[in-house]
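*Asks:* So the sequences go chain by chain: A and B. FYI, the numbering for the first sequence is 1 to 115, going by our numbering. FYI, the numbering for the second sequence is 1001 to 1114, going by our numbering.
Just so you know, the hints here were simulated from the structure itself, not pulled from any lab data. Just so we're clear, the structure is a prediction, and the values are computed from it rather than from any experiment. Built from N, CA and C at the ideal position, the CB exists for glycine as well. Mixed in with the good hints there might be a few duds.
Claimed, not checked - Each computed SDA-like pair below joins lysine to any residue, with the alpha-carbon atoms no more than 25 Å apart:
| id | chain 1 | residue 1 | chain 2 | residue 2 |
| --- | --- | --- | --- | --- |
| 1 | B | K1013 | A | P40 |
| 2 | A | K68 | A | L18 |
| 3 | A | K68 | A | A17 |
| 4 | B | K1026 | B | F1095 |
| 5 | B | K1026 | A | G95 |
| 6 | A | K58 | A | L48 |
| 7 | B | K1026 | B | E1054 |
| 8 | A | K68 | A | S3 |
| 9 | B | K1102 | A | V19 |
| 10 | B | K1102 | A | T77 |
| 11 | B | K1102 | A | F67 |
| 12 | B | K1102 | A | S73 |
| 13 | A | K69 | A | G8 |
| 14 | B | K1102 | A | G53 |
| 15 | A | K69 | B | K1102 |
To be verified - Here are the simulated distance ranges between beta carbons:
| id | chain 1 | residue 1 | chain 2 | residue 2 | range |
| --- | --- | --- | --- | --- | --- |
| 16 | B | G1096 | A | T52 | 14 to 24 Å |
| 17 | A | M83 | B | P1061 | 36 to 46 Å |
| 18 | B | G1058 | A | T52 | 18 to 28 Å |
| 19 | B | A1038 | A | S3 | 15 to 25 Å |
| 20 | A | G16 | B | L1114 | 41 to 51 Å |
| 21 | A | S14 | B | D1062 | 41 to 51 Å |
Unchecked claim - A few chain B residues facing chain A, derived, Cβ under 10 Å:
| id | residue |
| --- | --- |
| 22 | Q1037 |
| 23 | G1040 |
| 24 | Q1048 |
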Amino acid sequence: AQSVTQLGSHVSVSEGALVLLRCNYSSSVPPYLFWYVQYPNQGLQLLLKYTTGATLVKGINGFEAEFKKSETSFHLTKPSAHMSDAAEYFCAVSGEAGGSYIPTFGRGTSLIVHP
Amino acid sequence: DAGVTQSPTHLIKTRGQQVTLRCSPKSGHDTVSWYQQALGQEPQFIFQYYEEEERQRGNFPDRFSGHQFPNYSSELNVNALLLGDSALYLCASSFGDREGEKLFFGSGTQLSVL
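Here chain A stands alone, though its shape is the one from the complex (with noise of 0.2 Å):
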């Protein structure tokens, strides 16, 4: 089974200061992770995946994860925060289940970004 805990329901920083947001997941089988951001009133949107490889993904609009096996983590920063950042962020873990890859997604954290 796969599962993904998000530490801290809610994360408030200020503006420019560095963002970090903890995942750590849970798989039997080499997992597959992903960090989605929702903004109010939207669907989810993919901010960067890891498969296999370099453990540092770099996604979208500045944020960066770095996949640590030994840790079971998977993080997502960002070195300075804006306020477009304020948003609900997913982190989600895939891997082979039944023949499929359904995404698990974590409980969501509330990134709050303060003027």
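Dock chain B against the given chain A, drawing on the hints supplied.
*Replies:* Same frame as chain A, now just chain B:
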């Protein structure tokens, strides 16, 4: 290039009624997945359609059913609506059911059951 489109954007129904939600996948995509997202929660997987067949199903009752058409568009039907069915219903498309395939989401249909 049109992305994933869903209709309607908002819907209000009463308990016991039936509802049909529609989804057109992103151009070039052949797989459609449906998710239910309650307020403040993560998306929950309902089912996935590929080649006009339900390929995978999440932990949802039989009141939830779907269909995929030859042009890859899809419908989600919910019968005997309950108050707890109030949620944002998201459609996501992808190309095939391949490992690590990323999902493209529509903006969703907000269903309110009164």
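*Asks:* State for each hint whether it applies.
*Replies:* Each hint tested on the structure:
A threshold of 25 Å between alpha carbons decides the hint, and for B:K1013 with A:P40 the separation of about 23 Å falls inside it, so the pair holds. Our distance criterion of 25 Å between C-alpha atoms is met by A:K68 and A:L18, whose separation comes to about 20 Å. A threshold of 25 Å between alpha carbons decides the hint, and for A:K68 with A:A17 the separation of about 23 Å falls inside it, so the pair holds. With a C-alpha separation of about 9 Å, the suggested pairing of B:K1026 with B:F1095 holds against the 25 Å cut-off.
At most 25 Å may separate the alpha-carbon atoms for a hinted pair to count; B:K1026 and A:G95 meet this at roughly 23 Å. Of the supplied pair hints, the one linking A:K58 and A:L48 holds, its CA atoms being roughly 7 Å apart against a limit of 25 Å. Restraint check: the Cα-Cα separation between B:K1026 and B:E1054 comes to about 19 Å, which is no more than 25 Å; the hinted pair holds. A C-alpha spacing of about 16 Å is found between A:K68 and A:S3, which places the hinted pair at or below 25 Å, so the restraint holds.
With a C-alpha separation of about 24 Å, the suggested pairing of B:K1102 with A:V19 holds against the 25 Å cut-off. For a cut-off of 25 Å, the pair hint linking B:K1102 to A:T77 stands: about 20 Å separates their Cα positions. For the proposed pair B:K1102 and A:F67, the alpha carbon gap of about 17 Å is at most 25 Å, so the pair holds. The straight-line distance between the Cα atoms of B:K1102 and A:S73 is roughly 19 Å, inside the 25 Å bound, and the hint therefore holds.
A C-alpha spacing of about 21 Å is found between A:K69 and A:G8, which places the hinted pair at or below 25 Å, so the restraint holds. Between the alpha carbons of B:K1102 and A:G53 the distance comes to roughly 17 Å, so the proposed pair stays at or under 25 Å and holds. For a cut-off of 25 Å, the pair hint linking A:K69 to B:K1102 stands: about 21 Å separates their Cα positions. The given range of 14 to 24 Å is respected by B:G1096 and A:T52, whose C-beta atoms sit roughly 18 Å from each other.
For A:M83 and B:P1061, the Cβ-Cβ distance of about 42 Å falls inside the hinted range of 36 to 46 Å, so the restraint holds. Evaluation of the 18 to 28 Å hint for B:G1058 and A:T52 yields a pass: the beta carbon distance comes to about 27 Å. The given range of 15 to 25 Å is respected by B:A1038 and A:S3, whose C-beta atoms sit roughly 18 Å from each other. Checked against the hint of 41 to 51 Å, the pair A:G16 and B:L1114 passes, with Cβ atoms roughly 45 Å apart.
Hint check: A:S14 to B:D1062, Cβ distance near 49 Å, so the stated range 41 to 51 Å holds. The interface hint given for B:Q1037 is met, as the beta carbon of that residue sits about 9 Å from the closest beta carbon of chain A, less than 10 Å. Because the beta carbon of B:G1040 sits about 8 Å from the nearest beta carbon in chain A, less than 10 Å, this interface hint is met. At its closest, the beta carbon of B:Q1048 sits 7 Å from a beta carbon of chain A; the interface hint therefore holds under the 10 Å criterion.
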